[in-house]
Amino acid sequence: MKRLLFLAPIAVFVVVLVGFMAGLQRDPSILPSMLIGKPLPAFALAPMRPGGQGFTSAELVGQPVMVNVFASWCTVCKEEHPVLMALREQGVNIVGLDWREDADAGARWLAANGDPYAKTGNDASGRIGIDMGVSGAPETFVLDKRGRVRYRQVGEITPQVWSQTLGPLMARLRAES
Amino acid sequence: MRSDSAGGATEGFYDSMTAEIGQFALILAFLLAAVQAGAGLWGARRGEPVLMALGRAAAVLQGGFVALAFACLAISYAVCDFSVALVAAHSNSQQPLAYRIAATWGSHEGSMLLWVLVLGIYSAGIAVFGRTLRETLQARVLGVQALIALGFLGFLIFTSNPFLRLSPAPLEGTELNPLLQDPGLVTHPPLLYIGYVGFSAAFAFAAAALLEGRVDAAWARWVRPWVLAAWIPLTIGITLGSLWAYCELGWGGWWFWDPVENASLMPWLLGTALLHSALVLERRGALASWTILLAILTFSLSLVGTFLVRSGILTSVHAFAVDPQRGIYILGLIGVATGAALALYAWRAPSLRAGALFASVSREGAIILNNLFLSVLCFTVFAGTFAPVFIELTGKDKISVGPPYYSWIFAPFAVPLLILVVFGPMLNWKRDKLSTVLRRVRVPAAVAAAVLLLGLVSVGWKGVVAAAGLALAAWLIAGAAAIPGRRWWAGRASLGRSIRTTPPGILGLSIAHLGLGLLVLGVTGVTAWQTDKVLNMQPGQSTTFAGRTIALQSVALADGPNYQARQARFAITGAGGPYTLVAERRAYATSQTTEAAIHVSPLGNLYISGGDEADGGIVVRLWSQPFIMWIWVGGFVMAGGGLVSLSDRRLRLGAPVRAAAPAAGPVPAAAE
Chain Y
1 MKRLLFLAPI
11 AVFVVVLVGF
21 MAGLQRDPSI
31 LPSMLIGKPL
41 PAFALAPMRP
51 GGQGFTSAEL
61 VGQPVMVNVF
71 ASWCTVCKEE
81 HPVLMALREQ
91 GVNIVGLDWR
101 EDADAGARWL
111 AANGDPYAKT
121 GNDASGRIGI
131 DMGVSGAPET
141 FVLDKRGRVR
151 YRQVGEITPQ
161 VWSQTLGPLM
171 ARLRAES
Chain S
1 MRSDSAGGAT
11 EGFYDSMTAE
21 IGQFALILAF
31 LLAAVQAGAG
41 LWGARRGEPV
51 LMALGRAAAV
61 LQGGFVALAF
71 ACLAISYAVC
81 DFSVALVAAH
91 SNSQQPLAYR
101 IAATWGSHEG
111 SMLLWVLVLG
121 IYSAGIAVFG
131 RTLRETLQAR
141 VLGVQALIAL
151 GFLGFLIFTS
161 NPFLRLSPAP
171 LEGTELNPLL
181 QDPGLVTHPP
191 LLYIGYVGFS
201 AAFAFAAAAL
211 LEGRVDAAWA
221 RWVRPWVLAA
231 WIPLTIGITL
241 GSLWAYCELG
251 WGGWWFWDPV
261 ENASLMPWLL
271 GTALLHSALV
281 LERRGALASW
291 TILLAILTFS
301 LSLVGTFLVR
311 SGILTSVHAF
321 AVDPQRGIYI
331 LGLIGVATGA
341 ALALYAWRAP
351 SLRAGALFAS
361 VSREGAIILN
371 NLFLSVLCFT
381 VFAGTFAPVF
391 IELTGKDKIS
401 VGPPYYSWIF
411 APFAVPLLIL
421 VVFGPMLNWK
431 RDKLSTVLRR
441 VRVPAAVAAA
451 VLLLGLVSVG
461 WKGVVAAAGL
471 ALAAWLIAGA
481 AAIPGRRWWA
491 GRASLGRSIR
501 TTPPGILGLS
511 IAHLGLGLLV
521 LGVTGVTAWQ
531 TDKVLNMQPG
541 QSTTFAGRTI
551 ALQSVALADG
561 PNYQARQARF
571 AITGAGGPYT
581 LVAERRAYAT
591 SQTTEAAIHV
601 SPLGNLYISG
611 GDEADGGIVV
621 RLWSQPFIMW
631 IWVGGFVMAG
641 GGLVSLSDRR
651 LRLGAPVRAA
661 APAAGPVPAA
671 AE
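These protein sequence lines map, in sequence, to chains Y and S.
Letter 79 of the first sequence, counting from 1, is numbered 79 in my numbering, and no numbers are missing.
Letter 441 of the second sequence, counting from 1, is numbered 441 in my numbering, and no numbers are missing.
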């Protein structure tokens, strides 16, 4: 009995280790979303500046849209940023969700680096991110005209990701009636 | 080894050798670590003095070669050798020299090299200063440390070579993340690493003791200074990190429950538990197997801390070098190191001698409660940090847990522990009477009750949490003062003499607990009374905030060494004034940072961060943060207590065991 007690630490450790292994083995880029085919949970995002405008989930219907989760502390977002700016030039509809930071920090970051978003809102506590199942930044949800999630891109949108996956998908969604 | 050609960007033949020498030194260190592991462990098993001496020599040489490799990388940064990929990626010739050198550990590869360097220094230290250790124990400790060094040197050489060359070499490098160009970066990561890696000594001692099948008071006396030597820099490192985030991130916060912050907090919590339980083992010979387990787990959590930042398994403010491949390697290292140690534990620990018995009301009892609370706190942080990973595995999505979780889960366990802190040092070893103990704490209790009453009278029932927090701080501070106070006033000798003869160990204990009290004071102040205000201000405009009048005098541009700054000058009158503050925004070549203006005072800070320009003015954010500076003062005071303790001759590294030492363990035979 006493021996079993001394075996407990390693038993627990093995379980934790297996958990970590599984967590790493999963390719984060193929994480499906539980929300595929469903609308995003209803939310209302705070404005980025005092007196400004945030946006709500209800505003995301009518045309296909990419909901991009970003933050000024996220270094990968910085790499992704020029791609988003280029997409904006092409007229792609992108909205920004400033995640887990003060709106002020996000607003400053956008002012410094350029703003690729049609609408921007802030989720300082990360509460809305939890509802959406956000795993980290950057992350992008692709919504169709009816506001349903059709795809979830975990991690950076590289030019390759755009040309191979997201670009064709957005074109298809625009063609849907 | 260097040539300073014009512009610092072209390099001669000698420069181009530096990186190769560094690379070669790393490979030699790897081979020496293999010798150190083999000779140490095999020599101890055979009782072969020649092999054990070889292990010691290898340890010193290995430390030397890692130091050489580190120096080579630092030189490459200092002379702007952009043909080294790492240097080109993390520095440019415009950067001040101090930050170029600090960039040595600002990257993933460089920080792993620093990790290995600290490990090498610890190993060499144990080899040189460990002469009074039992020779076989010393050889095994060095052997275990060499195994860890092998793992990390291999990690460096095979997956993250810092000395890779670029061909052709670029003329200029890119920028080190400007957020990291701060005195905080120069000191904060190295201190954390000294702390993390320092626990490898405790881990090696634990594994060596299990291999020997022998854990006694002499062992604990040896381990405690090494644990303390890791705990002090870790405490300072965490405090500096918090201070850096406060000054540099411009969010006015001091702790964000960010995964990487948590990663340093977990080993700190367990390391603190280990410090206390090793005390019981040293004085009373009890808690042997628990102390061993803590030593193993503390270092494992330090490894997990490294793993978290490297693997990209969680997102964080600090996530640089996200690479699952590296994550798998480090996870493998954790698996092998911790797995082997815990298997050894399961096999050997049951046969360890049980210690002396003690009553539940006793200092041992209090320390067990302390350990229990600290372990639970550590577990809550662990659970909160890794919840996303495990929730995802159960089929749900990845989510992350925010600050609300911690304030609901952490506080209920932290408060009883903080109340207990004052009782511990007042208790006698072995057994004590509850009624006498209560009498001993009557002064701190009276002080706390007075503060509570005063708080309730002045702020009313709405401020009951704040008043309770202040009372808790008062309880801790008065309790800390009572530790030496009890000796000074109750002693038979004159006051001056009893103050002079107080052992540093007692003073250190008192100072460390005092620091905890100050920390609680700061946390209470800022949690209960912080206020903030955001507004758009134009030069000449003023506003009232938290009892002050704040006027924006001017907004002007100024040049820094490698950035342009926009300085907003504020004049403040009212509480603590008049004074002026300058809040900066710095535009670096590729990014921007905010340098908040902070007026520091014991009663509270005024924190101003200047934001974007809008409508002819700038967006200004003001915070009033009562008592916040005591958070960091408390952290530094705690570390200071550790330093004072370390100076106690009973703990001095390598000091011969005094005959009068209260421990019952056998006196270790001198090595050599």
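Rather than coming from a laboratory, the hints here were simulated on the basis of the structure.
Since the model is a prediction, treat every value here as computed from it, not as a measurement.
A virtual CB, placed ideally from N, CA and C, is assigned to each residue, including glycine.
Treat each hint with caution, since some may be false.
Taking lysine to any residue and the SDA-like style, the derived pairs with C-alpha atoms no more than 25 angstroms apart in a straight line are [to be verified]: (1) Lys78(Y) to Lys533(S); (2) Lys2(Y) to Leu344(S); (3) Lys78(Y) to Leu344(S); (4) Lys78(Y) to Val260(S); (5) Lys533(S) to Arg127(Y).
Example chain S residues on the side facing chain Y (calculated, C-beta under 8 angstroms, incomplete) [unchecked claim]: (6) Leu293; (7) Gly339; (8) Leu342; (9) Phe390; (10) Phe413; (11) Pro416; (12) Ala445; (13) Ala449; (14) Leu452; (15) Arg621.
If you want the ones that stay clear, here's a sample from chain S, every Cβ over 10 angstroms from chain Y, calculated [to be verified]: (16) His108; (17) Glu172; (18) Ala556; (19) Val582.
Structure versus earlier hints - violations, ascending order: Structure breaks hints 1, 3, 10, 11, 12, 13, 14.
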